[in-house]
Amino acid sequence: MNIHIYQGNEITPEDGDANIVIDVIRAFTVAHHAFLGGVKEIWLADSIETAFCIKNNYPHVLLTGERNGLPIPGFDLGHSPAAIAKQPLAGKTLVQTSTNGVKAAFRALCAKEVYVTGFSNAKMTAKWVLRKWKGKDNARINMIASHPTGEDDLACALYMESILTGSGTIKPESVIKEIVNASVAKKFLDPGQPAFNPADLEFCSNETDCGFVMKIDPTGEFPTIVRVEDE
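Residues 1 to 231 (the working numbering) are what the sequence shown spells out, left to right.
Please note that a few of the clues may not be correct.
Here are the simulated EDC-like pairs of lysine to aspartate or glutamate, each with C-alpha atoms no more than 16 Å apart in a straight line [to be verified]:
hint, residue 1, residue 2
1, K123, D230
2, K132, E151
3, K127, E161
4, K127, E229
5, K86, E202
6, K132, D209
In short, the hints are calculated from the structure, not lab data.
Input sequences plus hints: build the corresponding full structure.
In structure tokens form, the structure reads like this:
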């Protein structure tokens, strides 16, 4: 297994067997908790305009997302995992757009399989990929830490790498420390920026034993994150 780590939201990795797109604060932590709340699927939109167009054509969907971390006017939901966890989402379809994670996901559709995760589902995702490609020397696994400078996404990628290689050198506690002390986390602790919910950091830094991974199905009208149960 050959593991390659990239950082940034405009990276197009080499074709691989599996691409894992990481957005800890907060896109794929939001997605994870949406699925924990019973969401059916999440359609990805590459722009705000595309999201509104989808909503116009499919009025039943709920729009969620952010730009530069801030809620998007006219969207049904913000991008706070703490808030998402309280929403009645069972059976719903979300449309998600984000500054980093979703943008990076669109550039990472070149693999046989594409997964998305935050830290909350990182261990589950890494173990899933390990079980599927362990022993396959030529398998290429690309991990994309989607924030161009985010310590949180990169720490999560390195943690997952340590699981995939079996080294176990990076412990969850060290990743949690990187997340809560990341430069992108500071605004959540700033009373002068009430748009950023400090409770989100707890959601973003808490591993959840959920029994599923989040995989992108690229075959439909829109790239779609689906919940795949552990085998």
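Quickly compare the C-alpha distance for K86 and E202 to 16 Å and report which way the hint goes.
holds, 15 Å
Is K123 close enough to D230, meaning Cα to Cα at most 16 Å?
holds, 12 Å
Is the Cα-Cα distance between K132 and E151 16 Å or less?
violated, 28 Å
16 Å limit on alpha-carbon distance, applied to hinted pair K132 and D209:
Roughly 19 Å separates the two Cα atoms, so the pair is violated.
Pair hint K127 and E161, alpha-carbon separation not exceeding 16 Å:
Between K127 and E161 the Cα gap is close to 10 Å, so the pair holds against 16 Å.
Verify the proposed pairing of K127 with E229, using a straight-line Cα cut of 16 Å.
holds, 13 Å
In this structure, the earlier hints numbered 2 and 6 are contradicted, and the remaining ones agree with it.
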